[in-house]
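Visitor: Generate coordinates for the entire structure from the input sequences, incorporating the hints supplied.
Here the protein sequences come in this chain order: V and Y. Numbering of the first sequence is given in numbering that gives the first Met the number 0, commencing with residue 0 and proceeding in unit increments. Numbering of the second sequence is given in numbering that gives the first Met the number 0, commencing with residue 0 and proceeding in unit increments.
These are computed hints drawn from the structure, not numbers from a lab. Don't take every hint at face value.
[Stated by the list, open to error] Distance ranges between label pairs, derived from CB positions:
#: 1; chain 1: Y; residue 1: Asp78; chain 2: V; residue 2: Val62; range: 45 to 55 Å
#: 2; chain 1: V; residue 1: Val62; chain 2: Y; residue 2: Val166; range: 19 to 29 Å
#: 3; chain 1: V; residue 1: Asp73; chain 2: Y; residue 2: Phe66; range: 48 to 58 Å
Here a beta-carbon is modelled for each residue, glycine too, at the ideal position from N, C-alpha and C.
Each chain is listed here by its residues.
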Amino acid sequence: MTSTPLTAPQTSRRTISGKRPMSRAASILLLALGGVLTLAPFYFMFIFATHPRQEIFSLPPPVWFGSNLEANYDSLLSRMPFWRNLWNSLYLAVLTTGTTLFFCTLGGYAFAMYEFKGKGWLFGLLLATLLIPSTLNIVPYALIMQALGWIDAPRALWVPGMASAFGIFLMRQYIGSAIPRELVEAARIDGATEFTTFRKVIVPLTGPAMATLGLVTFVQSWNNFLGPLIIFRSQDTYTAPLALRTLQGIANTDWGALMCGVALTVVPLLILFAFASRRLIDGLTSGALKG
Amino acid sequence: MTAAPTTPPKHARSGGWDNFQRKYAPYIFISPFFLLFFAFGLFPIIFNAYLSVHSWQPGSGLGDMEFVGLRNFTDNLTDPTFWLSLKNTAILAVESGLPQHLIAIPLAFAINMGLKRAQSFITAVYFLPYITSVVAISVIFFTLFSWQYGVLNAALNSLHHIPVLGVLFPGEKVNWLGERAFVQPSIAMVIVWRYVGWNMLLYLSGLQAIPGELYEAAAVDGATRSEQFRFITLPLLRPTIFLAVTLSLIGGFQLFEEPFILTNGGGGVGQAGLTTIMYMFRTYNAYSDAGVAAAMAWLLFIVIGALTIVNNLLFGRSGMGSNEAPR
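Guide: Here it is in structure tokens:
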């Protein structure tokens, strides 16, 4: 694009910024301020989880941990089968993630490595489904689940979630760019069936993309609210977010208990994210968006 | 990558079973997605179209559906609450959408400028709200927004007492979720907080695709930093901006969870937090009017589709790369 000769492209931006310490300081200040504002609500979530209701709503508000954590936890458990609800969330998230990983990798492999009749328009159809705003289908979705008798059944959520267009798209991008076709050819020449090739050659090589897709799917399922809101009708089948929301509806909400439940629902994701954030972010930026 | 032949080589074992399974394997591999899509994606859409021209109370059996033509649509179009919800949705989409990008672009730019080493850490921090459940977020903010005893008002109050700068902050407590004028800004604030990190990530990947030598060349030619931003960064970032804005637009018009929980399901003071999806859910769930709710979904779909097309005509074409999905 430029006619000027290239000079050390990798270090260019460093050099520019190195010359201007002021703008670098301004950048750091800006990012630090934004970071504090981003983390503040999480901080108060943990603080509030250790205070009784009347201390949460007092002036000045508490800014350090209190001593009411145990009482909040007991109160939480007396109001709802919290661990049961958390288990429901986990069950759904694990099933959805497992099936999505399997079917999307399989589908992505087919679109990346095979030539077959109708491939072009089938892939076009797949991309088109990404553009349909799914929220608009709540009413027919609810009615179909009612007709199937799947109300209050977890399968109403994980069966439709077994594969996603986004997942197939992501896996196709990754397999197409990271795995040489010669490997697949070699497996075929050795007499492997198509599925064996998939299992023995493709699956072991798609780890990074699977990690990204798995995390995204898990987080989405774990945090899903509208779906469970439509499907689940009894306390025992509620997922954790749904159960917490019913606690809010009561006139005299125990905010300490509620905050304790919220923290317990968020912490597993924070732990997961602490271990996997780099992989998740790299996967999202390189796989999904660039071609 | 070299283009390898996709048909099996001649010397491969070519029994009947081999050919058969090789030919049909891709179809079998992609069929789970398409079966699910037909059952739970396409069929509901068709069913929704059918529902939208029928009157039906759920629970009374499918036989009791009565064809009413376009009456469900006219019912919606003459319903002031529908228009209110649409207006609320549009205001919320703008109030929450615009700041997201105006904050995310400078942040991404700042990271890209000179903080390469801390990049993963910073991005992770900003990304945290995005991976946290809306219920959790809304519950936390509900307490932060508290009128008399909330952290937000307490913080604003102490900022107000700083000399000189203090005039920028209100001296009186803001009744965030309790006063009509503040309901929408409060909801918008939560949404901005939640999605800034996501947009920042999009912009960061867009910025990193811009070759460094462009800036180098511009600097040699004597371009200032702001000129570099205007003439290199912005034009080359345009496809990313288009993608991010489109995603915000589509998401903004489907707002449900944040306003639903922050207003305790009811829409808040003067229904200022009632979005169209919330109203659709209420029409189906509380009023048991599936036909009208289905028609409402179509009306909202038309609005979203029209806005997407307008957005595309205004900003999409010239800046669009070859990587985007076909329209």
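Visitor: Hints first: check each against the structure and report whether it holds.
Guide: Consistency of the hints with the structure:
1. In this structure, Y:Asp78 and V:Val62 meet the distance hint of 45 to 55 Å, their C-beta atoms being roughly 47 Å apart.
2. The hinted range of 19 to 29 Å is satisfied by V:Val62 and Y:Val166, whose Cβ atoms lie roughly 25 Å apart.
3. Taking 48 to 58 Å as the suggested C-beta distance range, the pair V:Asp73 and Y:Phe66 conforms, at roughly 56 Å.
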